[in-house]
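Engineer: Fit chain B to the known structure of chain A by using the hints.
There are 2 protein chains.
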Amino acid sequence: MKKHNFSAGPAILPQEVIEGAAKAVLELDDIGLSLIEISHRSNEFKTIMEEACYLSLKLLGLEGKGYKALFLQGGASLQFIMTAYNLLENKAGYINSGTWSTKAIKEAKMLGEVIEVASSKDANFNYIPKGFEVPKDLDYLHLTTNNTIFGTQYKILPDTEVPLVADMSSDIFSRPFNYSKFDMFYAGAQKNMGPSGVTLVVIKESSFNKVSRVIPSMLNYEIQSNAESMFNTPPVFPVYTVLLNLRWITNNGGLDGVGAKNQKKASLIYDEIDRNPLFEGFARSVDRSNMNATFNLKNDKQAEVFDSLWNNANISGLKGHRSVGGYRASIYNALPIESVKVLVDCMQELERIA
Amino acid sequence: MKKHNFSAGPAILPQEVIEGAAKAVLELDDIGLSLIEISHRSNEFKTIMEEACYLSLKLLGLEGKGYKALFLQGGASLQFIMTAYNLLENKAGYINSGTWSTKAIKEAKMLGEVIEVASSKDANFNYIPKGFEVPKDLDYLHLTTNNTIFGTQYKILPDTEVPLVADMSSDIFSRPFNYSKFDMFYAGAQKNMGPSGVTLVVIKESSFNKVSRVIPSMLNYEIQSNAESMFNTPPVFPVYTVLLNLRWITNNGGLDGVGAKNQKKASLIYDEIDRNPLFEGFARSVDRSNMNATFNLKNDKQAEVFDSLWNNANISGLKGHRSVGGYRASIYNALPIESVKVLVDCMQELERIA
Chain A
0 MKKHNFSAGP AILPQEVIEG AAKAVLELDD IGLSLIEISH RSNEFKTIME EACYLSLKLL
60 GLEGKGYKAL FLQGGASLQF IMTAYNLLEN KAGYINSGTW STKAIKEAKM LGEVIEVASS
120 KDANFNYIPK GFEVPKDLDY LHLTTNNTIF GTQYKILPDT EVPLVADMSS DIFSRPFNYS
180 KFDMFYAGAQ KNMGPSGVTL VVIKESSFNK VSRVIPSMLN YEIQSNAESM FNTPPVFPVY
240 TVLLNLRWIT NNGGLDGVGA KNQKKASLIY DEIDRNPLFE GFARSVDRSN MNATFNLKND
300 KQAEVFDSLW NNANISGLKG HRSVGGYRAS IYNALPIESV KVLVDCMQEL ERIA
Chain B
0 MKKHNFSAGP AILPQEVIEG AAKAVLELDD IGLSLIEISH RSNEFKTIME EACYLSLKLL
60 GLEGKGYKAL FLQGGASLQF IMTAYNLLEN KAGYINSGTW STKAIKEAKM LGEVIEVASS
120 KDANFNYIPK GFEVPKDLDY LHLTTNNTIF GTQYKILPDT EVPLVADMSS DIFSRPFNYS
180 KFDMFYAGAQ KNMGPSGVTL VVIKESSFNK VSRVIPSMLN YEIQSNAESM FNTPPVFPVY
240 TVLLNLRWIT NNGGLDGVGA KNQKKASLIY DEIDRNPLFE GFARSVDRSN MNATFNLKND
300 KQAEVFDSLW NNANISGLKG HRSVGGYRAS IYNALPIESV KVLVDCMQEL ERIA
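Going down the list, the sequences are from chains A and B. Residue 0 is where the first sequence starts when you use numbering that gives the first Met the number 0, and the numbers rise one by one after that. Residue 0 is where the second sequence starts when you use numbering that gives the first Met the number 0, and the numbers rise one by one after that.
Just chain A, with the same shape it has in the complex (with noise of 0.2 Å):
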């Protein structure tokens, strides 16, 4: 039997998504050869990679808006040098709401200086800190548009003209957004996006060139560009199933679709977070996130008893992170609301027998 999969990622993802990438990996359109066994330099793969990087900007909205869709491997955390290695001349802002943003701060230091515009590391990053200043002198401001691990998510963006750079990892593909704000914007596809081992990069294209320094090849955004993502062998089922997810969006009323229901499943649990006595919400309300809702028991000695409650409804993925403790529902655009249902119904059943 499925389980009701809240992991925080690598995430769920649509059934016919995974069944289309276990049908590829079996035989890729009857053409007599599995998925994963063709070369990239195929006009079947190259067709398939020419169609992921048009979704991906067409879903955005950025289609013919002079932005490169490129899919690295790496992760976000090898986006947080290459971001500086590329864009870093003078100085760069970094507003630190998170680990991963802390992470992105201490690998771009090794290439230039960067400052810490804003933190919400005073009260453990469950708030988006807001109303500071900008310098106007930046080469860019980096920001995280989710936190996963605190249940954080920007509503609003910085007001500024200084190049905007983020790291869209938990939330791309989640909601309409002001992605034209972006110079830059990064995700590793394990959330909302794919299977882990790519990474989504969406660059203007006239923000190449940007510093005076040597940069390595692999690291360089417009050799990856002028490659079309294939400078190297690119990881073809990682690139493949996230073109399967990209249609699945498509097919689900694009950004607006996925958007609407997610924003539908984040009320519904954040609505009991609020009402069920037992327990409260780790983020200020203002900056929940509509993709990783966290929060805790008042009385830990619960626990056990809650534990068993959602185990036993066949849910998994629910424990929360360290740092935070307590428990993360990640929602991504894949998870019915019945799972949600599900994890509400198990609150309510504490409830009533604790």
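I should point out that these hints are in silico values taken from the structure, not numbers from a laboratory. Don't take each hint at face value.
No distinction is drawn between identical chains; accordingly, a pair holds when it is met within one copy or between any pair of copies.
The calculated lysine-lysine pairs, modelled on DSBU-like cross-linking and capped at a C-alpha distance of 30 Å, are [claimed, not checked]: (1) Lys340 to Lys180; (2) Lys129 to Lys263; (3) Lys105 to Lys300; (4) Lys105 to Lys57; (5) Lys45 to Lys318; (6) Lys203 to Lys102; (7) Lys108 to Lys340; (8) Lys318 to Lys154; (9) Lys300 to Lys203; (10) Lys105 to Lys209; (11) Lys108 to Lys135; (12) Lys64 to Lys22; (13) Lys318 to Lys22; (14) Lys2 to Lys45; (15) Lys2 to Lys64; (16) Lys45 to Lys105; (17) Lys297 to Lys64; (18) Lys318 to Lys297; (19) Lys45 to Lys154.
Structural biologist: Just chain B now, with coordinates in the frame of chain A:
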């Protein structure tokens, strides 16, 4: 109907590996979740990663000898710069035996002094350089054990006390070899190991901390090693498929077993190239690769007939790389000897009808 897949990479994999990978995408080991939607921190995946690392070292005869096996992203191309980042302090030597060696040299030069100790560029890389002196003051000597494009392969290693580093992307796990002579070697998975999207690095633990520069975390072997290849989210599907393939190699006699079969396949195709008056080999006989047999028609006008012969025989992936032209039969571990026989039949048929 399944094709005879002579692709240079991504390349043919054993049918049972393909079926096992497809099954796990649908559901992993009856756990109620797909392989591609489980957390990489789950016990299921930790066990997969541990077994893949263990089997790698065991098959290579390096278990308990001070080596670590790492599964990273970015392919051999990212290793070109990682090698230099981690090991190049004063001066490194490179043997230039082809396109990929040339690229490795180019990247390493960005970080320090690099000398080309020997090269076979004078003859379009149709041989492995020999009989040269290796300077004693090198941080390491880098070589490419098998040159996929040109069809050459090292049979004997250079005689030197300098630490050896190798790109083994296209012949790792294909034969018994002096793996313990190397301080470090790496290989993209997509030839003998698995699907694209993961790279094996095998490194002596004594090779950590060899340089004074600051190394970005994702490019730091010691950090990746301390994190057991999970500094960030690893490419779950490629790693799992590699594991299935390592089990297949183990169950097929290990490197002795697959090496003997590869030798038979290579003899079959090279014997025909040498016997058949219409063909000639590209690489010098003594340096011929047991993985990629490169050959040409003596008379280009016969290409059309030959191409239709092998196409009709359901062969794919036989076209030579543009740097060499002609044909390249990649005969990796998973290619059955029957496929080689079908190719030899086509060559003999051409001789009959020409």
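Engineer: The structure should be examined with respect to each hint, and the outcome stated for every one.
Structural biologist: Checked hints:
1. In this homomeric assembly, Lys340 and Lys180 never come within 30 Å of each other (Cα to Cα): the closest approach is 35 Å inside a single copy and 59 Å across copies.
2. Within a single copy, Lys129 and Lys263 get their C-alpha atoms as close as 26 Å, which meets the 30 Å cut-off; across copies the closest is 69 Å, which misses it.
3. Taking CA atoms no more than 30 Å apart as the test, Lys105 paired with Lys300 passes in neither setting, with 38 Å inside one copy and 61 Å between copies.
4. Taking identical chains as interchangeable, the C-alpha atoms of Lys105 and Lys57 are never at most 30 Å apart, the minima being 33 Å within one chain and 36 Å between chains.
5. Only between protomers do Lys45 and Lys318 lie at most 30 Å apart by alpha-carbon distance; the minimum there is 17 Å, versus 40 Å within a single protomer.
6. With identical chains, the CA atoms of Lys203 and Lys102 are at most 30 Å apart both within one copy (24 Å) and between copies (27 Å).
7. In the homo-oligomer, the alpha carbons of Lys108 and Lys340 never lie at most 30 Å apart, since the shortest distance is 44 Å inside one protomer and 58 Å across protomers.
8. For a Cα distance limit of 30 Å, the shortest separation of Lys318 from Lys154 inside one copy, 25 Å, qualifies, whereas the shortest one across copies, 53 Å, does not.
9. For a Cα distance limit of 30 Å, the shortest separation of Lys300 from Lys203 qualifies neither inside one copy, at 52 Å, nor across copies, at 48 Å.
10. Both within a single protomer and between protomers do Lys105 and Lys209 lie at most 30 Å apart by alpha-carbon distance, with minima of 21 Å and 22 Å respectively.
11. Taking the closest pair of Cα atoms, Lys108 and Lys135 come within 30 Å of each other only inside a single copy of the chain (19 Å); across copies the shortest separation is 36 Å, beyond that limit.
12. When the C-alpha separation of Lys64 and Lys22 is checked against a cutoff of 30 Å, the pair qualifies neither within a copy, at 35 Å, nor between copies, at 41 Å.
13. Proximity of Lys318 to Lys22 under the C-alpha cut-off of 30 Å is restricted to the inter-copy arrangement: shortest distance 27 Å between copies versus 32 Å within a copy.
14. With identical chains, the CA atoms of Lys2 and Lys45 are at most 30 Å apart between copies only, with a shortest distance of 20 Å across copies and 35 Å within one.
15. In this assembly of identical chains, Lys2 and Lys64 lie within 30 Å of each other by CA distance neither inside one copy nor across copies; the values are 41 Å within and 42 Å between.
16. Proximity of Lys45 to Lys105 under the C-alpha cut-off of 30 Å is restricted to the inter-copy arrangement: shortest distance 27 Å between copies versus 36 Å within a copy.
17. For a Cα distance limit of 30 Å, the shortest separation of Lys297 from Lys64 qualifies neither inside one copy, at 49 Å, nor across copies, at 51 Å.
18. When the C-alpha separation of Lys318 and Lys297 is checked against a cutoff of 30 Å, the pair qualifies only within one copy, where the shortest distance is 15 Å, while the shortest distance between copies is 67 Å.
19. Proximity of Lys45 and Lys154 under a CA criterion of 30 Å is satisfied in neither setting, with 36 Å inside one chain copy and 36 Å between copies.
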